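Number of protein chains: 2
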Amino acid sequence: MIKANDPNRRSWIKVDEGSDFPIQNIPFGVFIPEDDIITTGTRIGDTAIDLSAMQQLGYFKDIEISDDVFLQDTLNDFIALGRGINRQVRDRIAKIFDENNAELRDNEEHKARILFPADKVQMLMPIFSQDYTDFYSSREHATNVGTMFRDPDNALLPNWLHLPVGYHGRSSTIVISGEPIHRPMGQRKPKDADKPVFGPSVRVDFELEMAFITGEGKAMGQRISTEEAEEYIFGMVLFNDWSARDLQTWEYVPLGPFLAKNFGSSISPWVVTMDALEPYRCEGPKQEVEVLDYLKTEKDGAFDINISVAIQPEDQEETVVSNSNFKYMYWSMAQQLAHHTVNGCKINPGDLMGSGTISGPTPDSYGSMLELAWNATKPIPMNGGGERTFIEDNDTVIMRGYCNNGTTRIGFGEVSCKILPAIE
Amino acid sequence: MIKANDPNRRSWIKVDEGSDFPIQNIPFGVFIPEDDIITTGTRIGDTAIDLSAMQQLGYFKDIEISDDVFLQDTLNDFIALGRGINRQVRDRIAKIFDENNAELRDNEEHKARILFPADKVQMLMPIFSQDYTDFYSSREHATNVGTMFRDPDNALLPNWLHLPVGYHGRSSTIVISGEPIHRPMGQRKPKDADKPVFGPSVRVDFELEMAFITGEGKAMGQRISTEEAEEYIFGMVLFNDWSARDLQTWEYVPLGPFLAKNFGSSISPWVVTMDALEPYRCEGPKQEVEVLDYLKTEKDGAFDINISVAIQPEDQEETVVSNSNFKYMYWSMAQQLAHHTVNGCKINPGDLMGSGTISGPTPDSYGSMLELAWNATKPIPMNGGGERTFIEDNDTVIMRGYCNNGTTRIGFGEVSCKILPAIE
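Heads up: the protein sequence lines correspond to chains A and B, in order.
Here my numbering is used: the first residue of the first sequence is 157, the next is one more, and so on.
Here my numbering is used: the first residue of the second sequence is 157, the next is one more, and so on.
Quick caveat, the hints were computed from the structure, so don't treat them as lab data.
This structure is a prediction, so every number in the text was calculated from the model and none was measured.
Careful, some of the hints might be misleading.
As the list claims (entries may be wrong) - Among the chain B residues that face chain A by a calculated CB cut under 8 Å, a handful are:
| id | residue |
| --- | --- |
| 1 | Trp168 |
| 2 | Asn310 |
| 3 | Ser328 |
| 4 | Thr329 |
| 5 | Gly342 |
| 6 | Gln343 |
| 7 | Lys347 |
| 8 | Gly412 |
| 9 | Tyr436 |
| 10 | Cys438 |
| 11 | Val498 |
| 12 | Gly500 |
| 13 | Trp530 |
Unchecked claim - Chain B residues, not near chain A, derived (Cβ > 10 Å throughout):
| id | residue |
| --- | --- |
| 14 | Glu173 |
| 15 | Asn232 |
| 16 | Asp287 |
| 17 | Asn315 |
| 18 | Arg326 |
| 19 | Lys351 |
| 20 | Pro352 |
| 21 | Pro410 |
| 22 | Asn418 |
| 23 | Gln443 |
| 24 | Asp449 |
| 25 | Glu473 |
| 26 | His495 |
| 27 | Ile536 |
| 28 | Gly540 |
What the hints assert, rightly or not - Below are the EDC-like pairs computed for lysine to aspartate or glutamate, each with C-alpha atoms no more than 20 Å apart in a straight line:
| id | chain 1 | residue 1 | chain 2 | residue 2 |
| --- | --- | --- | --- | --- |
| 29 | A | Lys345 | B | Asp449 |
| 30 | B | Lys574 | B | Glu543 |
| 31 | B | Lys345 | A | Glu446 |
| 32 | B | Lys351 | A | Glu259 |
| 33 | B | Lys574 | B | Asp262 |
| 34 | A | Lys452 | B | Glu580 |
| 35 | A | Lys351 | B | Glu439 |
| 36 | B | Lys345 | A | Asp449 |
| 37 | A | Lys170 | A | Asp275 |
| 38 | B | Lys452 | A | Asp247 |
| 39 | A | Lys345 | B | Glu444 |
| 40 | A | Lys276 | A | Asp192 |
Cβ coordinates follow ideal geometry from the N, Cα and C atoms, glycine included.
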């Protein structure tokens, strides 16, 4: 077992019941503490932990990492070291913060340099992603979209069961939770109009996704097999792949979505490691069509992660509009990464790979407003009054995720983003 | 007029008749000279010029650039300074190398530090592109592809005349001229087969493109108008957007090309500035459908650049298979960049934006083997014997480009890439 995952361990840092961040989580992020120097950090309960300060004070001294690895603007240098080193650091953190370890617990001077209230630090983008890929791996989502826009009897396209469909996204507009995004302007073609019109999108939608972040990279010309794929994945985040449905419908043939997606995507700030997620590994959907050898897997590739979406209109309480689960993904991350590299495509540390919208089997588990309100035919009532078919100006969309196997609960925190009015 | 473009200027460096690099060009690139330190450079005739050495020796002393701007691994820091500063540097280079200027010409010690034979330096990737976008802006190409694979009577899709269709590509596999690329492995579905097979692509193709490189960036949420767009473009390169047609046909619905493209793309090493291209500005194709206001332009947005493709089979002479021109593009770079940012998409310095395959009006000006050999129905004979419908193992594809307005000729050199056998 990975030492840091020991379900019996408790920390000397207070952790509230139901917290996403018990000592069994130990995610990684980047923040600015009160004293204004960017650092890599982790979190236990409501306490943010400065890893560069810990290193300077000697807590990682026999682990092979450079002196400035936690002083970078992003996690990239750290995660490029690979899962072995990342695991040593995580295990060490678990040991230092164990309730029975007095080393830091009883050193007030060190604690003052290392610990900060989580709500007093500014979280930053944890990674630099040169490339961002988005998959389309939820069968229910692909079926719903195919049913609405193409043919209910042939909702899935012929390739869908044979390969994890994916496409390239725009890295430059991925932002951290809390950063607002303006409603995009663009072209759309109203039904029955003979030409397009220009204006703010009238169908801004979220997409409930999770994304994995690559750790060690792989050179151009080489492949990553399904068997070794998870060794190349550092961890996961919640991911909201904002979409403008009206722009998308008009622009996307024949080369895929472009401006309908690249106005912004939002990620949660704490990267939960694949090591932390290991206890929640589970069986995924049975793949009904036999896949080609390079996509076959031996072990279960799904993870039981509860994910939800809430909409909070301006000055109102929030309404949870979807409860889904990452385990519904038809294609596993290992299959996605093996497919992505089967042609020799180079992978860099910090690449972001989105799951695609995660829709579950029931209408209350769909992962987008397009599906939840079924192409604007079934408005969703808001608890505080009003209803929604898509996202309106000044609405905040909040996605949350957590795992609970009955013994231990860990979570991702949230990714929250407010849609501001378009700049016309 | 831009000073460096003076057609009457001659350099004290020898420039052969028909060279791509007279003193009116002054492109920028990155290379390792004989002494092994990476530097930004330019080129006149067959001489590579070390700009970091020139700066150290005081030749740029009253221009506002940092001491290490030419000592970076890429041009990004330099081009981020914007076209004003870039122009001052280019004008200064033109002045220093003018045949009547003795300052460097007669200083043998300085010349020994600054000048290198172009064939003795190693050219490197000139830019770091976080994001790479590929457009689809040649009407002839889009029409040819639509005719072959969809419907000859409705070859262009409904959006094509209203917006410059584009999609995101993979940055991690863009390589410099001279780097070989392996034939990709992947899934394809043979005609009449009921399921896909796995193996090396059997339809590897080039795409004759040019790409522009953004200079100064633009923040998220802001737009770049057509009027100001060229101020955000640093320069252009030749671009071969390698494509595996059999993988593409199977994978591309509904989200666009993915593994069929991201096994590799090749660029030429010298970035020719928009300033150098100014004398070759010309009228583009008339846009027959009135475009929305944000895509309207006042001045001519096309550039008269002759471009060609040659195939050189292993141990054979080359065969020129296409002669086209960048001026055939239906959508201008200014329109492409205005469209790309109309939704607030963030632009970074060094972003690469491909034109899409540039096909001219006649069959000998098509920009891909798919079109030249018309879906493998019209094989192209090779001068040294044999014929080609697509690219075979160990074939080298060479693209060249130049401008000639009768007064001055400048060029791009070439982008050359050999396709190696697949790694099975």
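Comparing the hints with the structure gives:
no., hint, in the structure
1, Trp168, "violated, 41 Å"
2, Asn310, "violated, 12 Å"
3, Ser328, "holds, 4 Å"
4, Thr329, "holds, 5 Å"
5, Gly342, "holds, 5 Å"
6, Gln343, "holds, 6 Å"
7, Lys347, "violated, 13 Å"
8, Gly412, "holds, 3 Å"
9, Tyr436, "violated, 29 Å"
10, Cys438, "violated, 27 Å"
11, Val498, "holds, 6 Å"
12, Gly500, "holds, 5 Å"
13, Trp530, "violated, 19 Å"
14, Glu173, "holds, 39 Å"
15, Asn232, "holds, 13 Å"
16, Asp287, "violated, 5 Å"
17, Asn315, "violated, 6 Å"
18, Arg326, "violated, 6 Å"
19, Lys351, "violated, 7 Å"
20, Pro352, "violated, 5 Å"
21, Pro410, "violated, 6 Å"
22, Asn418, "violated, 5 Å"
23, Gln443, "holds, 13 Å"
24, Asp449, "violated, 7 Å"
25, Glu473, "holds, 28 Å"
26, His495, "violated, 7 Å"
27, Ile536, "holds, 25 Å"
28, Gly540, "holds, 28 Å"
29, A:Lys345 with B:Asp449, "holds, 15 Å"
30, B:Lys574 with B:Glu543, "holds, 17 Å"
31, B:Lys345 with A:Glu446, "holds, 15 Å"
32, B:Lys351 with A:Glu259, "violated, 61 Å"
33, B:Lys574 with B:Asp262, "violated, 42 Å"
34, A:Lys452 with B:Glu580, "holds, 17 Å"
35, A:Lys351 with B:Glu439, "violated, 26 Å"
36, B:Lys345 with A:Asp449, "holds, 15 Å"
37, A:Lys170 with A:Asp275, "holds, 15 Å"
38, B:Lys452 with A:Asp247, "violated, 59 Å"
39, A:Lys345 with B:Glu444, "holds, 19 Å"
40, A:Lys276 with A:Asp192, "holds, 11 Å"
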